[in-house]
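Novice: Each chain, letter by letter, is given below.
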Amino acid sequence: MMKLDLSARLPWIGIVLVALALAVLPFALAGIGTTWVRITNLALLFALLALGLNIVVGFAGLLDLGYIAFYAVGAYVYALLASPQFGLHLPFWAIIPLGALVACIFGVLLGAPTLKLRGDYLAIVTLGFGEIIRIFLNNLSQPVNITNGPQGISRIDSFRLGDFDFGKSEMLFGLNFSGPIKYYYLLLLVLIVIIVVNMRLQHSRIGRAWEAIREDEVAARAMGIDTTRMKLLAFAMGASFGGIAGGIFSSMQGFISPESFVLVESIMVLAMVVLGGMGNIWGVILGALLLSFVPELLRHTIEPLQRSLFGRSIVEPEVVRMLLFGLALVLMMLYRPAGLLPSAVRRRELARKSVEP
Amino acid sequence: MQPLLRASDINKRFGGLQALSNVSFSIAAGQIYGLIGPNGAGKTTLFNVITGMTPADAGTVMLDGRELGQLKPHAIAQAGIARTFQNIRLFANLTALENVMVGRHARTRAGLLQAIMRTSGQRAEEAEIEARAFELLRYVGIEARVNELARNLPYGDQRRLEIARALATEPKLLALDEPAAGMNPTETGELRTLLERIRSDGVTLFLIEHDMRLMMRLCDRVLVLDFGRAIAEGPPREVQQDPAVVAAYLGTPTP
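One line per chain: the protein sequences are D and W, in this order.
Residue numbers for the first sequence, in our numbering: 66 to 422.
Residue numbers for the second sequence, in our numbering: 36 to 290.
With the rest of the complex left out, here is chain W:
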């Protein structure tokens, strides 16, 4: 079966730093796919390449058999990859609801003239956008915060809001950059439930995370990056035992 996402031989260099070298992997539909590695291994760079924010020097990314090539970030979002950011990037001065409503942009059509004339189609679409946005806030469990400004939400809720906003674009693949960062164990547990629910609702997940316990429980497969190279790939249990991975995290034992 054709994988949902296939990345082949991705290379990216920043000046003298080879941030990614010949990274290849593929994600099957319905998986929760993890990306781990020490700090500076190139995880976020790989995310940026896949979401079109950083153009790769070489390599191809295919989503559902379609080459993403040099598509711009907005076109990639429209093609079906949504993401969240390591340092939360919400629209701080908009309400929670408005944030998610912005996420509907990619899946709605009303243009300038329809908005100015306020056609019946445009009004129906606006109502649909608002209803869907509210539904998504409920889905991630922050519907009580609907009219609060994003900047005033507690940290954990901001993470959830970012996920709701990304889901509003109806992604095939949801890429989450350290969703559990800064969360306490209870919040992390709740996040795990949410992510599993998102997967069971048909969205494939691709996530960077440092919380190993969470990753071992959640992921079907993980990819390990070290100094821009893929050093291991497979089910978490196997990867955990891999000598190269142990060495990357703990250093090589002196003989």
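Isolated chain D, as found in the complex:
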């Protein structure tokens, strides 16, 4: 009986420990430098994005190379409605859902004409879509100045609830809560909500319909699944998550420009999903954290290391980053093609092989 009790409690003990660690983390990081809190925040933001893309790519199997466009849409919706650009300063709790909705509409706009496309063809169209959005943002400064073009939009409001401003430091319970630390907790909360939504969707009638479409679209139709609707739903859900992440990004940075939403960013998010393990929520988060943190760690170690060894910098950190990144992807494809944490489907397959004689 004791043993049973313990095993039932173990996951809870684990969860409490992880929660404690996550709660203390920003203060520990702030001890090293506020930069690291900001880096962590960006990593969490990318985890949000990767989870959104995972719905489209991992669950429904639709290769989307223009995902960052929805992030851009969310970011610009927030920036335009909460900055001196138009002199509008709406509250964030009104704009974030609006940004999610607008991104969702763009998701359906992209999804509707591409429903019949799969694989490479879909990838090319979505890639084009991503570029179109970015180029629009870049050029919508004439004849009427909407986006301020390549200069971007600055002095974007931070989130504010009454007197509580996410952009300002303040002392609470004897601790110094800086702006980035406040955003850290906000991002963590949003991430948890999105994880729960993802998990529930995956183990639902809709999640199964997505998996069925990924596996065999013709058979899915024969089972009574309206594949058109389900694919649009996947695009819409993924896009909304991207829109939410974009709004938070906008307010957190206080400045956005089309340069933040280039193709490489789409590819990075996709790489996070693939590297971590398509379709596995924890794998995708791991992928996002790795691809966000490792480059920063390199940036902070490669240069000092070279200086102390050779007295000058020979190889740029950026070069080393791309080199390692490329190498990691090649090794992954060779040794762990299903990702660091493969989805349950793959794991079951491996488990079966080891059980059977």
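By construction, these hints were calculated from the structure, which means they are not laboratory data.
Computed from a prediction, not measured in an experiment: that's the story for all the values here.
For every residue, glycine included, the Cβ atom is placed at its ideal position computed from N, Cα and C.
Careful: at least some of the hints might be erroneous.
So the derived label-pair ranges between C-beta atoms look like this [stated by the list, open to error]:
1) W/Glu163 - D/Glu381: 23 to 33 Å
2) D/Arg364 - W/Glu170: 49 to 59 Å
3) D/Leu180 - W/Arg173: 30 to 40 Å
4) D/Arg294 - W/Pro90: 15 to 25 Å
5) D/His154 - W/Ala162: 44 to 54 Å
6) D/Arg364 - W/Ala166: 51 to 61 Å
Using the hints provided, position chain W relative to the given structure of chain D.
Specialist: Frame of chain D; chain W shown alone:
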């Protein structure tokens, strides 16, 4: 009495090939109805037309008095026609149970919000889906394989799983495209028992099959297609004697 399925004057042309010309037939509820014919006669095309996968050029299909018209495949599945495929099309990387659970899609309702909120109704429905799926695996006799991936099942079990998945949609008419293909005589015998049981449980069967012995024993009526034309229709014994059918299969004797 009104037939369960009535197809009238179905025509389908692929480029220069008249795959189906003026094919008409009807299936009464409770029958096992066979579709035979030499290779390339248009059997699978007829299946595809009836299940909405290939739109017909002309002709009507009525199920239970309702015109299926230009309904999409998923709507036809919801209307009550389920099918299996000649080249098995399971969801290879899902388990046997999950495959059948997908089949419950057409008969369950929980939407996005219910799934996200995990309402009590949604949880009850999920439990019902899983229970029903397991029951169907037992019904076709592969409950021991419940958690195995579909791709890892032996061939015969994959055929059975496809039938279980189709039954999960609660069809009025179950269309099976060569269910006995690649089976040995024992497996074919077991399949016959299963199909008869499905019929006795109230599902009408429509099947394409090349195994003539099986068809003669199993079917109440058969339709023979040759070059897209219906050349004979009736009880298997009569059709077997039909000179046009003999000619289609063996060629015309030279006088």
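Novice: Going back to the hint list, which numbers does this structure go against?
Specialist: 1
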